[in-house]
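S.K.: Heads up: the protein sequence lines correspond to chains H and C, in order.
Here the first sequence is numbered in my numbering, starting from 1 and rising by one per residue.
Here the second sequence is numbered in my numbering, starting from 1 and rising by one per residue.
Simulated from the structure, these hints should not be mistaken for lab results.
Here the structure is a predicted model, which is why all the values come from computation and not from measurement.
Please note that the accuracy of each hint is not assured.
Reference excerpt, derived from the structure (chain H facing chain C, CB under 8 Å, subset only) [unchecked claim]:
#, residue
1, A294
2, D301
3, L302
4, G304
5, E319
Distance ranges between label pairs, derived from CB positions [unchecked claim]:
#, chain 1, residue 1, chain 2, residue 2, range
6, H, Q350, C, R292, 54 to 64 Å
7, H, A264, C, Q161, 24 to 34 Å
8, H, A268, C, T175, 49 to 59 Å
9, C, D192, H, A104, 22 to 32 Å
10, H, Q360, C, E165, 20 to 30 Å
11, H, E303, C, D77, 23 to 33 Å
12, C, Q161, H, E303, 48 to 58 Å
13, H, E98, C, Q280, 56 to 66 Å
14, H, A264, C, G138, 25 to 35 Å
15, C, K219, H, E98, 32 to 42 Å
Below, in silico cross-link-like pairs of lysine to aspartate or glutamate (DMTMM-like), each with a Cα-Cα straight-line distance of 20 Å or less [what the hints assert, rightly or not]:
#, chain 1, residue 1, chain 2, residue 2
16, H, K367, C, E178
17, C, K5, H, D301
18, C, K193, C, D209
19, H, K367, C, E117
20, C, K5, C, E165
21, C, K5, H, D351
Glycine included, every Cβ here is placed at the ideal spot set by N, Cα and C.
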Amino acid sequence: MIYLDHHAAAPTPEVVRQAMADASSIAWANPSSTHRAGQASRQLLENARELIGQSIGAAPADVVLTGGGTEACNLGVRGLAKKRRIITTAVEHPAVAESVRHLARDGREVLVLPVLAGRPPAPSELAPHLSDDSLVTVQWVNHETGTLFPVHDYAQLCRARGARLFVDATQALGKVPIDVSSLGADAVAFAAQKIGGPAGAGACWVRRGIELDTVLAGGSQERGRRPGTLDTLSMVGFGAAASLIGLRLERKTIIAALRNRLEARLLALGAVPNAGEPRSATVCNVSFPRWEGAILVAALDLEGVCVSTGAACSSGLQEPSAVIRAMYPDEQWRAGSAVRISLGIETTEQDIESATLVFQQVLSRIKGRNLHQI
Amino acid sequence: MTEPKRILVAMSGGVDSSVAAALLHEAGYDLIGVTLHLWDAEGAHQVGRCCAPEDRDDARRTCEHLGVPHYVLDERDAFREHVVDPFVADYLAGRTPIPCVSCNRTVKLTHLADVAERFGASHIATGHYARLERSSDGRLRLLRGRDADKDQSYFLFGLPQSTLERLVFPLGELTKPEVRKAGHRLGVPNADKPDSQELCFVPDGRVGDFIARQGLESKPGRILDSDGAIVGRHQGVGNFTRGQRRGLGLGGGEARYVLRIMSATDDVVVGHEEELYDQQLVAKDAHWVAGRPADTFEGEIRIRYRHRGAVGDITPTRDGFEVRFAEPQRAITPGQAAVVYRGDEVIGGGFIA
């Protein structure tokens, strides 16, 4: 099996598995309990929080641990929203896009900035819409195309205008260096799954002094910001994965070279690239004319190559990519024919060579067909 | 026929397609399970119906049991365009359509033939009760399934030779009890699941309500007798089909049946049972499975799925055929398929005008 879907989930490294195995005899206890069993679990949890904090340049006290990336995004967006006017982009992950839609249904005013052909809004395009009652919610790295958003520039503008800024960094973690202390955002969301941790662990960093509304009703855990008993075991995994972020960032140029080689081969096979630079080194998003993305993904899987069309859905059903649709409104075919190939630190040259051959083999099955035959 | 190596199995989540997959797996084929997501069930109708999430789960469980890959493909747009919209339009035009025929032809099997090619699969298997046989001229002949009660060849007359060439019907030689038995023997998880509805997207059979849910206004109209006298009123022609007796709301007295639906005026004409009998029919949009017969021939014609078949003379016309039955037939219904058999073989079929 050649795994090229690291943007969906990164494989769990051995050290992370080991850390979780070691912790499993202690981490079952409720970390909020007074007794020593609870204290032992609490210690593991706080160690993990420290490792997570270190990896993003945050003080541990400002890290709110959550049950995954979607929850962290909900907390960031809905927790900061208050009565503010929302400014967002057309290519956000559903965790953010649906949170915004939820607020819009409650009558909140929403402005959606386009990201045509993968070009993020320039700071000058954002500036005129900012005021002290706006909340900007934007991702750092797009989950499907890897498009990089100039979040530092956005943050500077937001601070100057007194606007709040939420950054969805779930896909950015481990792909770009992150230092929330110098970023200038008000809240930033992370997910363990994207760096080889468990899917049920996430975090929302909140700038000190910022008042955040809770999304869930319940106990007063996480300083009243996130009720519910935290899963210590998952957080241990998150912490261990976070301590490996430096390694991931070091591999960036190697991954970029592999990605570029794969992309060049795919373009030679007739693929059309979706969104260009600036983007993360880890991903290549292309559309294949005459192919439905979902069918191509299945055909590749049958030959042992794991890729995706974009956002996965629990029913197993793959819809045309909403991101690609928004990026190319005048070329609707692209969304239905898009495939996302994402690499990680485990990806080898041999993986890329073998995957290229599989692409070639699968694509050749309908050679000689007319262009209009999808 | 070259020996099929990799076979795509169309899996609805029902017993039949699950057992078809299990039998092929037992025979040593390399299988790929595919479930088409055709329709999103609405509200209270989400349970116990085609394309419900639990059906996809059943298909997935069977594939997991067999250790074969399973994929769900989204065909909702094609299903609406080629099946549901024409179905609703037909009903509003006073016909009683048979959507399974066009579904098999466009959305299901012909589409899956394309998918199979992309998956590197030489054949497609389904759980249909039907058989294929190659004739001496090289063409494939479509035959009734061995189980006369479950035979589904009626729904398959519209398939072109190019699609038939890729099809495999593992249940063609079996009866339903044999299929369930095979399901138990092979450990198929859903072997005891009840049979599905004939019309998958209208599981309760209430077409009028279904049409209303599609946001289309059913226009109320008059109920007339054969002499043109108004005997009642109705809430929309979508609630009626030829030969129907119940639901007319005409009160007691002698039994009356729907004779005709006049879509131009939204009138429903009712009358006595003997007025439902006709000795001929005209069919349009015919498809001849192994070529169009040159002259009039005698055959057996089924005018609806649950019709035993009646003997008649069939005369091919330019795009259809005409039938003269030996005996008058009850409630020959516009929109339904008239399928022509000679013995076990499906010669062709068309839609009753």
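S.K.: All hints are to be evaluated individually against the structure, with a verdict given for each.
M.R.: Consistency of the hints with the structure:
no.: 1; hint: A294; in the structure: holds, 6 Å
no.: 2; hint: D301; in the structure: holds, 7 Å
no.: 3; hint: L302; in the structure: holds, 6 Å
no.: 4; hint: G304; in the structure: violated, 11 Å
no.: 5; hint: E319; in the structure: holds, 7 Å
no.: 6; hint: H/Q350 to C/R292: 54 to 64 Å; in the structure: holds, 56 Å
no.: 7; hint: H/A264 to C/Q161: 24 to 34 Å; in the structure: violated, 42 Å
no.: 8; hint: H/A268 to C/T175: 49 to 59 Å; in the structure: holds, 54 Å
no.: 9; hint: C/D192 to H/A104: 22 to 32 Å; in the structure: violated, 47 Å
no.: 10; hint: H/Q360 to C/E165: 20 to 30 Å; in the structure: holds, 27 Å
no.: 11; hint: H/E303 to C/D77: 23 to 33 Å; in the structure: holds, 27 Å
no.: 12; hint: C/Q161 to H/E303: 48 to 58 Å; in the structure: violated, 30 Å
no.: 13; hint: H/E98 to C/Q280: 56 to 66 Å; in the structure: holds, 59 Å
no.: 14; hint: H/A264 to C/G138: 25 to 35 Å; in the structure: violated, 46 Å
no.: 15; hint: C/K219 to H/E98: 32 to 42 Å; in the structure: holds, 39 Å
no.: 16; hint: H/K367 to C/E178; in the structure: violated, 42 Å
no.: 17; hint: C/K5 to H/D301; in the structure: holds, 18 Å
no.: 18; hint: C/K193 to C/D209; in the structure: violated, 27 Å
no.: 19; hint: H/K367 to C/E117; in the structure: holds, 11 Å
no.: 20; hint: C/K5 to C/E165; in the structure: holds, 15 Å
no.: 21; hint: C/K5 to H/D351; in the structure: violated, 27 Å
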